[in-house]
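Based on the provided sequences and hints, a complete structural model is requested.
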Amino acid sequence: MNLEGLTESEVEEIVEYGIQRGKVALLSAFAAIALGGIMGIFVQGIIFWLSFCSLRRYAGGYHADTQNRCFVISFAVLCLAYLWIKEMGHIGIPEFLVQSMMLLVILIFAPVENRNRILDENEKQKYGKKTKRRAVLLYFVYVAMSFAKMPVFAAPIEASFGVVAISLIAGIVKNTIAN
Numbered sequence: 001m002n003l004e005g006l007t008e009s010e011v012e013e014i015v016e017y018g019i020q021r022g023k024v025a026l027l028s029a030f031a032a033i034a035l036g037g038i039m040g041i042f043v044q045g046i047i048f049w050l051s052f053c054s055l056r057r058y059a060g061g062y063h064a065d066t067q068n069r070c071f072v073i074s075f076a077v078l079c080l081a082y083l084w085i086k087e088m089g090h091i092g093i094p095e096f097l098v099q100s101m102m103l104l105v106i107l108i109f110a111p112v113e114n115r116n117r118i119l120d121e122n123e124k125q126k127y128g129k130k131t132k133r134r135a136v137l138l139y140f141v142y143v144a145m146s147f148a149k150m151p152v153f154a155a156p157i158e159a160s161f162g163v164v165a166i167s168l169i170a171g172i173v174k175n176t177i178a179n
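Per our numbering, the very first residue in the sequence shown carries number 1; after that it's consecutive.
These aren't lab readings, by the way, just hints derived from the structure by calculation. Worth double-checking, as some hints may not be accurate.
Label-pair ranges, simulated between beta-carbon atoms [said to hold, decoys possible]:
(1) Ala178 with Glu8: 29 to 39 Å
(2) Asn175 with Val136: 23 to 33 Å
(3) Ala144 with Glu12: 46 to 56 Å
(4) Val141 with Lys86: 16 to 26 Å
(5) Val136 with Cys70: 26 to 36 Å
(6) Gly5 with Phe42: 40 to 50 Å
(7) Val24 with Val141: 23 to 33 Å
(8) Val143 with Thr7: 44 to 54 Å
(9) Leu104 with Ile73: 17 to 27 Å
(10) Glu87 with Leu6: 44 to 54 Å
(11) Val98 with Glu10: 46 to 56 Å
(12) Phe42 with Ser74: 17 to 27 Å
(13) Met101 with Gly37: 23 to 33 Å
Glycine included, C-beta positions come from ideal geometry on N, C-alpha and C.
Next up, the structure:
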């Protein structure tokens, strides 16, 4: 980042924003890992958080209008995702079909921009490629864990795909309504 030509107050504002974003990221990670521990799925919680963050970073999707609304929605979604993970007992044909459909949603629609982050064509291509590569890689990990009869490791990936796919669809709907 080139800071030349910026005033001292602009640089301070950028640094303060970065510090605030870092605090929010650390708090979110801590809450996700702690909730996983409380719900008895500590390792799966970490796997979920890593795969979710990996996909969501470049996929975009729904963004709440206020920070408080974001916290509430994020916590509710996290609880639902962790319940999904806890209840996942096995992986069969229906689960593979659902996972494949969620992969298609991600491959077709990512990235989804929002009013705070409008993407130009280069960014759409760049973020789309990054999201698609990560989604395909995680899909193959999901398949490998499923064939290895390790739903404990596959379920968090499935849940992260579900949250990201739903977020993409919700973001598209929100963008369509706003326009």
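Okay, the hints, checked on the actual structure:
no.	hint	result
1	Ala178 with Glu8: 29 to 39 Å	holds, 36 Å
2	Asn175 with Val136: 23 to 33 Å	holds, 25 Å
3	Ala144 with Glu12: 46 to 56 Å	holds, 48 Å
4	Val141 with Lys86: 16 to 26 Å	holds, 20 Å
5	Val136 with Cys70: 26 to 36 Å	holds, 28 Å
6	Gly5 with Phe42: 40 to 50 Å	holds, 47 Å
7	Val24 with Val141: 23 to 33 Å	holds, 28 Å
8	Val143 with Thr7: 44 to 54 Å	holds, 53 Å
9	Leu104 with Ile73: 17 to 27 Å	holds, 24 Å
10	Glu87 with Leu6: 44 to 54 Å	holds, 51 Å
11	Val98 with Glu10: 46 to 56 Å	holds, 47 Å
12	Phe42 with Ser74: 17 to 27 Å	holds, 19 Å
13	Met101 with Gly37: 23 to 33 Å	holds, 31 Å
The structure agrees with every numbered hint stated previously.
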